[in-house]
Amino acid sequence: MQKHLFLGVEAIGQGAIDGGMSGVYAYPGTPSTEITEFIQENELAEQRNIHRQWSANEKTAYEAALGMSYAGKRAMVCMKHVGLNVAADAFVNSAMTGINGGLIVTVADDPSMHSSQNEQDSRFYGRFAMVPVLEPSNQQEAYDMARNGFQLSEKAGVPVMLRITTRMAHSRAGIIRKDVLEENQLRLPHDPKQFILLPAIARRRYNLLLQSQDAFLQMSEESEYNKYLDGPDKSLGIVACGISFNYLMECFDGQCPYPVVKVSQYPLPAKMIKRLRLECNQLLVLEEGAPLVEEMLKGFFDESSIIKGRLDNTLPRAGELNPDLVAKALGLEVQSGMPVPEVVANRPPALCQGCGHQDVYRAMNEALAEYGRGRVFSDIGCYTLGALPPYETISTCVDMGASITMAKGAADAGLIPAVAVIGDSTFAHSGITGLLDAVNEKANMTIVISDNESVSMTGGQDSSAYGKIETICQGVGVDPAHIHVIIPLRKNHEEMVELFRKELAYEGISVIIPRRECIQRASRRKRNKA
Amino acid sequence: MKADIILAGVGGQGILSIAAILGVAALENDLYLKQAETHGMSQRGGAVVSHLRISDKPIASDLIPMGNADLILSVEPMESLRYLPYLSPLGYVVTNTTPFVNIPNYPEVDKVMNEIRSLPRFVAIDADQIAKETGNSKVSNVVMLGAASPFIDLDFEKIEDGIRSIFARKGEEMVELNLKALRAGRKFAEENR
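Protein chains in written order, with this note's numbering: chain U, 1 to 530; chain R, 1 to 193.
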């Protein structure tokens, strides 16, 4: 049988194609990006003309996927964990509308914050919306879940969440593909009012969702992904969620002496968990992310300290798990090689040599020197690295689009000048509405849209505002006399400093657009041409 | 058979190309493989690491437990030291000696090299120089793979097949160049281990 060497994210992309998906919708975000990239480059996806263009943000992506489901076809929407905050309105309400064609929402969490501003656990969202959640323990399961998840969604009548974490997303293993399923035909929902969440209908839909919970639980109990694995030593029972199951097996070379409930589908398989509790003296909960299962099992009044995990410091409260942390939690000896010599210096990420953002920050620092520090609000992207030496230009990085809106709030408070630095793609994602607020109130601020014509931090995907930024700003109502485009190059330094000085002094909204293609993207383009 | 390998370097140096060759070699020989990579922010010039595990038995964890790596293969000297806690007591460090200096506080190269030379088992190789001599400075990563190959429990021919398979679509010339780089690296390691 032919094995394919796939990253977890690629396995999901292949699984979705093989599961009869008609469209993937996504905005790039580590560690989820390569799912869509895989589908974009896939031959069968091209033959089938599966929708695979990037969306402007996670909310537009989610809603488009829901629209495809409404029309009867199977769709997947992919995002990183914080992207689900953006799409949360659509997600939670889509549990109320239910689906027509199968809908999988794939969310990639980033515990330990390798490339993120927080490590929120998307399983909470799944529980909040009351939909089934799948959490693969290995790449084969990731493939199977993506492929079979549409059928599960159609059976459950609601979207299904496929939750992965960084290590699952970005680890490769051999997987075996299964038959390719046909796509669904175009077919309107059986109930013409299903998707109209007017209160009277919404109450009915909500009751249906509540009544479905027992069925979802039953699906978990019978799921091929959840297993009760008995063991001879009943002094401890282990609940191992998602990828943590692998770390557990690593500790015992595949032969765990304790009974284990392997959890890869939620709601929690209650019968298995209860059996484990009955048969074992203590329970250890292994889960990647927050202590969600542990808190559920512990409850508010349980002070019996029977349940071990992240809440009682058996495992660290924050950060991703690994085989060493799990071994320590099991009381096993942890080996370690030699210590890291003192001579080894930290090597944090940095802006690439020759990157246009560098020229922007050099010019901004000079122009802002007379006002002092603490006036530059920034956003999510490569340019966030302007927080680090040698630039240290920016004072904030919170969420997509927050540069413009926070600068506006600070300007409202009297911080003059207030400056926002945002990238072209982030502007398209969530900056435009904030700019509209600022224009409507004639806020006194300077907005720098550092335009490298791509979504760069995630690998140079197409930016949906490409070629449209000045038009968007004008359309929103910025005075064209205060919209400036400049090429961020060292030779233009003096000109840039002068422009920044002039617009910082202007009382009103200015938009400065330093524009030069991302050097990584430019060199990739040249390589591909050659 | 089992090979737990830490691949180390700096974002942009292309350590994943090494992993890809070994991955093909492993899969085409019906071996199990897991390989955890670093994507995202660190790829912008930060420290990057890949855990590569090959075995004739199913592999559980995507990450190598500490003190278990048979080999640290680093394409940059300082980075070869960052993951020493993962090295098994019998493991080898195989590192390129050409520093990649992109931070203001990069230590003196002599100090880094002294630390490497104090390791019980190591190969320090100027892969950039050997790559140049081979005919193309871009094949230094394949020189590094060659230098590490004596310490990986895979037939050398299988690794050569991996090269052929990976570079086939780039033409016979590229295949030959990379095979030459691989053999040059191996030769150096065998003479200097």
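I should point out that these hints are in silico values taken from the structure, not numbers from a laboratory. Honestly, I wouldn't trust all of these hints.
Claimed, not checked - A few chain U residues facing chain R, derived, Cβ under 10 Å:
#1 L5
#2 T166
#3 R167
#4 M168
#5 L188
#6 L311
#7 N313
#8 T314
#9 Q335
#10 N346
#11 P348
#12 L351
#13 Q353
No experiment lies behind these values; they were computed from the predicted model shown. All C-beta atoms in this analysis are idealised placements derived from N, C-alpha and C, irrespective of residue type, glycine included.
Hints, verified against the model:
1. Checking L5(U) against chain R by beta carbon gives a least distance of about 5 Å; that is within 10 Å, so the hint holds.
2. For T166(U), the shortest C-beta to C-beta distance to chain R is roughly 8 Å, which falls under 10 Å, so the interface hint holds.
3. Given hint, R167(U) at the interface with chain R, holds; its Cβ is 5 Å from that chain's nearest Cβ, closer than 10 Å.
4. Taking 10 Å as the C-beta cut-off, the interface hint given for M168(U) holds, the closest approach to chain R being about 8 Å.
5. A cut of 10 Å between beta carbons decides the hint on L188(U): the least distance to chain R is about 40 Å, and the hint is violated.
6. Interface restraint check for L311(U): the shortest CB-CB distance to chain R comes to about 24 Å, outside 10 Å, so the restraint is violated.
7. The interface hint given for N313(U) is violated, since its Cβ lies 20 Å from the closest Cβ of chain R, which is over the 10 Å cut-off.
8. Below 10 Å, beta-carbon pairs count as interface contacts, and T314(U) has none with chain R, the closest being about 18 Å; its hint is therefore violated.
9. Among the interface hints, the one on Q335(U) holds; its C-beta lies about 3 Å from the nearest C-beta in chain R, closer than the 10 Å criterion.
10. With a least beta-carbon distance of about 8 Å to chain R, the hint placing N346(U) at the interface is held under the 10 Å criterion.
11. Because the closest C-beta pair between P348(U) and chain R is about 6 Å apart, less than 10 Å, the hint holds.
12. Of the supplied interface hints, the one on L351(U) holds, with its beta-carbon coming within about 7 Å of a beta-carbon of chain R, less than 10 Å.
13. Taken as an interface hint, Q353(U) checks out: its beta carbon lies about 8 Å from the nearest beta carbon of chain R, inside 10 Å.
Comparing the model with each numbered hint stated earlier shows that hints 5, 6, 7 and 8 do not hold.
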